[in-house]
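Enquirer: Chain by chain, the residues run as shown.
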Amino acid sequence: MRLDIKNLSFAYPGGDNVLKNISLCVDGAGITCLMGPNGSGKTTLLGCIMKIISDGRSISIDGTSLSKLKRSEISRRIAYIPQIHSVTFPYTVRDAVLMGRMAYAGLFGSPEKSDFEACERAMEQAGISGFADRTYSSLSGGEIRLVLLARALCQDAGIILMDEPTAFLDFRNELMFLESAARLAIENNVSVIMATHSPNHGFWFESRNVPVDCVLMSGGMIYGRGTPSEIITESSIKDVYGVESRIISDGAEKSVVMTAFS
Amino acid sequence: MKKVLTTSILIICPVFFIVLSLFIGIYGISFGDMINTLLHPLSSDTTLSTVVWDLRFPRAVAAAFCGAALSVSGAAFQGVFRNPLVNSGILGVSNGAGFGACLAIVFLGGGKMTYISAFLFAVFAVILAYLSGKVGGTSSVVTLILGGTIVSSFFSALISILKVIADPYSQLPSITFWFMGSFASINYSHFIAFIPILTGISLIYLCRWRINALSMGAFEAESLGVDTRLYNFLIIGGATLATSAAVCISGTIGWVGLIIPHIGRMITGSDNRRLIPVSISLGASFMIIIDLLSRNLSSSEIPIGILCSLIGAPFFVYLLKKTKGGGWK
Chain A
1 MRLDIKNLSF
11 AYPGGDNVLK
21 NISLCVDGAG
31 ITCLMGPNGS
41 GKTTLLGCIM
51 KIISDGRSIS
61 IDGTSLSKLK
71 RSEISRRIAY
81 IPQIHSVTFP
91 YTVRDAVLMG
101 RMAYAGLFGS
111 PEKSDFEACE
121 RAMEQAGISG
131 FADRTYSSLS
141 GGEIRLVLLA
151 RALCQDAGII
161 LMDEPTAFLD
171 FRNELMFLES
181 AARLAIENNV
191 SVIMATHSPN
201 HGFWFESRNV
211 PVDCVLMSGG
221 MIYGRGTPSE
231 IITESSIKDV
241 YGVESRIISD
251 GAEKSVVMTA
261 FS
Chain B
263 MKKVLTTSIL
273 IICPVFFIVL
283 SLFIGIYGIS
293 FGDMINTLLH
303 PLSSDTTLST
313 VVWDLRFPRA
323 VAAAFCGAAL
333 SVSGAAFQGV
343 FRNPLVNSGI
353 LGVSNGAGFG
363 ACLAIVFLGG
373 GKMTYISAFL
383 FAVFAVILAY
393 LSGKVGGTSS
403 VVTLILGGTI
413 VSSFFSALIS
423 ILKVIADPYS
433 QLPSITFWFM
443 GSFASINYSH
453 FIAFIPILTG
463 ISLIYLCRWR
473 INALSMGAFE
483 AESLGVDTRL
493 YNFLIIGGAT
503 LATSAAVCIS
513 GTIGWVGLII
523 PHIGRMITGS
533 DNRRLIPVSI
543 SLGASFMIII
553 DLLSRNLSSS
563 EIPIGILCSL
573 IGAPFFVYLL
583 KKTKGGGWK
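From first to last, the protein sequence lines are chains A and B.
If you're matching positions, the first sequence starts at 1 in my numbering and goes up one per residue.
If you're matching positions, the second sequence starts at 263 in my numbering and goes up one per residue.
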């Protein structure tokens with residue numbers, strides 16, 4: 001799927017522009033790491049891409065402007081994994097994953113046999129079939145991310161947006177989630193757009209030959225776009241984040257270490 | 263198979279209690295006479311027929327509809343407002359209806375006008391709540407609840423004014439009894455209220471799966487493909503129609519809209535696809551039983567609101583204690 005953003009500017013009601021003249025094209029399967037300091041507009045951009053906070057006129061999918069698509073039509077193309085996710089009622093894992101099928105139901109529709117099957121398949125792929133009947137309130141942070149991943153999977157969308165999907169996860173769960181994202185891109189042919197604070201995520205995908213791009217945002221604009229090695233440099237980190245850093249490489253893996261304020 | 267069984271139980275429960283309530287009452291009827299009256303509703307002894315078909319039957323049916331309306335609206339509001347502690351009166355329906363009823367009792371001589379005025383002001387209160395909660399062109403769940411609270415307290419003040427100027431010997435008792443809730447004066451002419459009640463319940467029933475997504479917050483619901491403006495309108499509008507009509511024929515009845523959905527969650531879990539039908543059936547059954555108690559516990563009628571609260575309050579405390587252990591966050 002091809003996502004085109006052309007000259008997108010966005011302001012919340014009564015506020016200044018949060019996004020300024022953003023143009024970005026994401027074409028085909030792969031990972032796009034969306035980076036930038038807090039407040040640089042990452043989450044806002046994700047909201048605009050789904051036409052939740054914007055009117056979608058500057059954005060098109062496969063050549064069709066979002067402004068012409070209905071809510072459910074957009075959600076059949078773009079799924080979303082939220083960062084902050086508070087659940088008031090203790091739904092079971094299966095009920096939560098099944099919500100991914102809502103975009104396929106009619107106005108007053110209920111889930112049908114094909115929806116239940118898609119739900120089971122998605123849980124299988126995310127590796128959560130074992131606790132399908134447990135309730136939300138008994139899940140750990142890592143398990144909740146997997147439930148949300150399964151929900152996005154059964155939404156059967158070509159593009160999956162993730163808002164800091166590994167925040168609050170321990171090393172092991174973080175690695176598991178990165179591997180799932182890589183599998184999505186390679187096996188499911190999904191285009192993953194992932195807002196992340198960790199520059200090492202980009203390097204991780206790059207060193208495993210997963211098709212990956214980095215988009216570095218600063219102050220509501222795109223600072224640069226390219227492969228992680230091109231974009232995540234000592235000078236760009238100094239420009240965008242205002243910190244000194246060193247990029248360490250042992251030949252196989254690369255990593256960024258922050259050293260001081262600049 | 264399991265689905266058919268569950269559906270049958272949900273339908274049979276309220277029907278069973280309606281039939282049961284035909285048999286029980288202050289006016290003693292022998293079992294044989296009762297069967298005879300049921301089988302020949304038009305031809306048998308007129309007194310028996312009147313007691314069963316003109317008094318007990320319409321009461322039980324009205325109680326069922328009101329109970330179902332209040333509890334399913336409560337369940338729907340709890341879902342879309344993402345708050346397990348709100349009830350069907352959250353948007354000002356109860357106080358709006360109360361004000362409408364008082365207004366009719368004080369200035370229009372009560373009677374039929376009480377119901378019409380109560381219904382209109384109940385709907386008006388929700389519209390006011392919506393408009394007060396609307397900030398910058400949109401209304402979030404929080405501002406909507408704030409709007410409802412403000413409108414509620416506003417109408418509650420107006421009710422107090424009407425109580426002050428009401429005639430203390432004729433009008434004030436009517437007002438007081440209206441607020442305690444009763445099905446004592448129900449007859450077939452009240453059945454017209456079933457139209458908005460059924461419309462409202464049907465809307466909520468049809469949208470019940472969407473309530474799951476709405477309870478995740480507007481942003482996530484939209485990302486799942488749910489048009490939040492449309493479904494909020496359908497669900498809140500349906501709940502408003504149903505509660506307004508229910509409250510205007512029964513008077514304000516608390517608790518049902520808060521507690522029944524929670525009992526429902528204990529039975530069936532949180533999924534609104536199951537919770538909504540269960541709430542309808544439970545609410546109907548609960549209200550028939552309460553009405554049965556209200557007309558049989560003592561020689562004079564005990565107002566419904568009193569019984570609901572007497573049974574509801576301890577249960578609610580129990581619920582709070584229990585859920586602290588592991589239910590919700």
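Since the hints were derived computationally from the structure, they do not count as laboratory data.
Treat the hints with caution; some may be incorrect.
Keeping only pairs whose Cα atoms sit at most 16 Å apart, straight-line, the calculated EDC-like set for lysine to aspartate or glutamate is [claimed, not checked]:
| no. | chain 1 | residue 1 | chain 2 | residue 2 |
| --- | --- | --- | --- | --- |
| 1 | A | K68 | A | D4 |
| 2 | B | K265 | A | D62 |
| 3 | A | K68 | B | E563 |
| 4 | A | K70 | B | D489 |
| 5 | A | K6 | A | D62 |
| 6 | A | K68 | A | D55 |
Enquirer: Evaluate each hint against the coordinates.
Expert: Status of the hints after comparison with the structure:
1. Between K68 (chain A) and D4 (chain A) the CA atoms are separated by roughly 14 Å; this keeps the pair inside 16 Å, and the hint holds.
2. Between K265 (chain B) and D62 (chain A), the direct Cα distance comes to roughly 42 Å. Violation of the 16 Å bound is thereby established for this hinted pair.
3. Of the supplied pair hints, the one linking K68 (chain A) and E563 (chain B) is violated, its CA atoms being roughly 60 Å apart against a limit of 16 Å.
4. Distance hint between K70 (chain A) and D489 (chain B) is fulfilled; the C-alpha atoms sit about 9 Å from each other, no more than 16 Å.
5. Taken as a hint, the K6 (chain A) and D62 (chain A) pair is honoured in the structure, with Cα atoms around 13 Å apart against an allowance of 16 Å.
6. With a C-alpha separation of about 10 Å, the suggested pair K68 (chain A) and D55 (chain A) falls inside the 16 Å cut-off, and the hint holds.
Violated hints, listed in ascending order, are 2 and 3; each of the other numbered hints is respected by the structure.
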